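Q: Listed here are the chains, written in short residue letters.
Number of protein chains: 2
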Amino acid sequence: MNAHDRIVQFLKEADGYVSGEEMSETLKISRAAVWKYIDHLRKDGYGITAVPHLGYRLVSVPDKLLPHEIQSGLNTRTFGKNIVAFNTVGSTMDEAFRLGMEGAPEGTLVCAETQHKGRGRLGRVWSSPRAKGIYCSLILRPRLPPGQLARLTLTAAVALAEALRDAAGIEPAIKWPNDILVGGKKLAGILTELRAEADQVKFVVVGMGINVNTSASQLVDGAASLRTETGRIFNRVVVLRHILRSFESWYAVLGTRGRFDPVMKAWKARSATLKKRVRVTGPGGMVEGLAVDLDTDGALLVRQDSGVIVKQTAGDVVHG
Amino acid sequence: MNAHDRIVQFLKEADGYVSGEEMSETLKISRAAVWKYIDHLRKDGYGITAVPHLGYRLVSVPDKLLPHEIQSGLNTRTFGKNIVAFNTVGSTMDEAFRLGMEGAPEGTLVCAETQHKGRGRLGRVWSSPRAKGIYCSLILRPRLPPGQLARLTLTAAVALAEALRDAAGIEPAIKWPNDILVGGKKLAGILTELRAEADQVKFVVVGMGINVNTSASQLVDGAASLRTETGRIFNRVVVLRHILRSFESWYAVLGTRGRFDPVMKAWKARSATLKKRVRVTGPGGMVEGLAVDLDTDGALLVRQDSGVIVKQTAGDVVHG
Chain A
0 MNAHDRIVQF LKEADGYVSG EEMSETLKIS RAAVWKYIDH LRKDGYGITA
50 VPHLGYRLVS VPDKLLPHEI QSGLNTRTFG KNIVAFNTVG STMDEAFRLG
100 MEGAPEGTLV CAETQHKGRG RLGRVWSSPR AKGIYCSLIL RPRLPPGQLA
150 RLTLTAAVAL AEALRDAAGI EPAIKWPNDI LVGGKKLAGI LTELRAEADQ
200 VKFVVVGMGI NVNTSASQLV DGAASLRTET GRIFNRVVVL RHILRSFESW
250 YAVLGTRGRF DPVMKAWKAR SATLKKRVRV TGPGGMVEGL AVDLDTDGAL
300 LVRQDSGVIV KQTAGDVVHG
Chain B
0 MNAHDRIVQF LKEADGYVSG EEMSETLKIS RAAVWKYIDH LRKDGYGITA
50 VPHLGYRLVS VPDKLLPHEI QSGLNTRTFG KNIVAFNTVG STMDEAFRLG
100 MEGAPEGTLV CAETQHKGRG RLGRVWSSPR AKGIYCSLIL RPRLPPGQLA
150 RLTLTAAVAL AEALRDAAGI EPAIKWPNDI LVGGKKLAGI LTELRAEADQ
200 VKFVVVGMGI NVNTSASQLV DGAASLRTET GRIFNRVVVL RHILRSFESW
250 YAVLGTRGRF DPVMKAWKAR SATLKKRVRV TGPGGMVEGL AVDLDTDGAL
300 LVRQDSGVIV KQTAGDVVHG
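Line by line, the protein sequences give chains A and B.
Taking numbering that gives the first Met the number 0, the leading residue of the first sequence gets 0, the next gets one more, and so forth.
Taking numbering that gives the first Met the number 0, the leading residue of the second sequence gets 0, the next gets one more, and so forth.
Looking at chain A on its own, in the form it has when it is part of the complex (with noise of 0.2 Å):
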């Protein structure tokens, strides 16, 4: 832990005020470090009160993706130990992409209060209104074969689905591929994108919007958020913490071999797609029609009115 988060830590942990002197003495630094930490902290968004002989005092937390905050109790192995924090972003895709391809370790997370080009499946735009919600990348490095992406992308949304549970008391819903629902509107979307060789994937960055503290005014249509289900507040940086761990105790699943199975029966039983009608718009063309079921590769089987079961890697799912 550097110095600026051990001021942190030590702000927390007291009990009233804390002297300069003491935080001196105890990090081994100058009086002078302390307040230029103290100054920085308090830019960073900290409500810290100063009182001559006393010291300082920690009043207030902001309310702020930041990499300290997001590791405090973080007892993940690789996800979040490596983060990267932006105030305003094009997007977090990019960003971790680039990171990635300068060899960032797996697990490595980008994360914004806001992206100005935030992007969502198929070149769509990822609204992404500032400290409303969290938009993230995450870089790993699976021993998978490209054609395998999609199973990381369902895993992700199953991980997904349990932690925003978990945050928020709630039962997501997952529309084929990755979309993830609550009450049948948006809650949060996945975005997978990977650099591979042929046969070899050397890193897939995973993204992911998800509405928080979103409220109606701040939604488009079909959206939804936290806060507009619940009708709470919520600390993104517990939203967080709770997709890293979940993500993270998801992938270590998948990524031991052939066992996509227990991906595929969680992502069944949270499927808002199955035995419903669809019409799925993919690079073939429309198919229309009752969906069956999801094939081992997480494409997705169609029965069409004539008998025939059309797969689907790929495309956008209409229900109804």
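Simulated from the structure, these hints should not be mistaken for laboratory data.
Computed from a predicted model, the values in this text were never measured in an experiment.
You can take every hint at face value.
No copy labels: a pair is met if it fits in one copy or bridges any two.
Once the Cα atoms are required to be at most 27 Å apart in a straight line, the calculated BS3-like pairs of lysine-lysine come out as: (1) K185 / K201; (2) K27 / K11; (3) K201 / K116; (4) K63 / K184.
Keeping the supplied structure of chain A fixed, place chain B upon it in accordance with the hints.
A: Using the frame of chain A, we list chain B on its own:
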């Protein structure tokens, strides 16, 4: 065409000496500019003699992969219309990938006289002695799902084999998946990398390393060059033009939906692997048996001695 390229053209088409004054007038640039460009060309390795009152005369073209030399007489539609050439580079793959991320158009070619981190498949080193081979990477933006990348790799192998046949009068064989052999030795290699979303390729970089004028002593064990095979020295620019033309036309075949059949047929006709006993070491371990066929997704079908046919989507083949 810029002034630089037009001066080269002018000198090439001239019958003997051309005066600076004539170039200045025709190209509508100052005499000083003509002199500056001539100086530039000499630094690029062009042999240009200058005689007072007569002017300039081109006596030799450098043995270099210069963009305007490659493009001169290149009748492709997109392949090589945009060229980034290096004297020395880490790896043309990495440069091309970076350009791909910045939005470089389909057909953009990156080439280098030498690479100090030239890569082959599966992270291996690709030896790149200066000015002896063709080390290049092409950016493509095909409409393929990521799982079908193998099709593009096989297409590149067929295109490269045919280009080398046309350029040098040899009949190269293809070792699964995409090594180009001549007389059982490796003449060229292909490396494919992509950036993709779960269901959509963003771009592909196809890298090719071809041993052209490499001498026997510069080759690693088991490798050949056009020179060692034919006893002749080749103009690398001409060879590269053959490659760009051949690849563009095969790529167009693949681009037409469902037209992988012609590629498979051409690939099989040149296969050094089919009907042979092979040991294939892939991500799932080693498989030994008879290579019976190529599957429609580019995988190799191996019949083990037990009679069971195993599908290998990736890996290394040892013939034997």
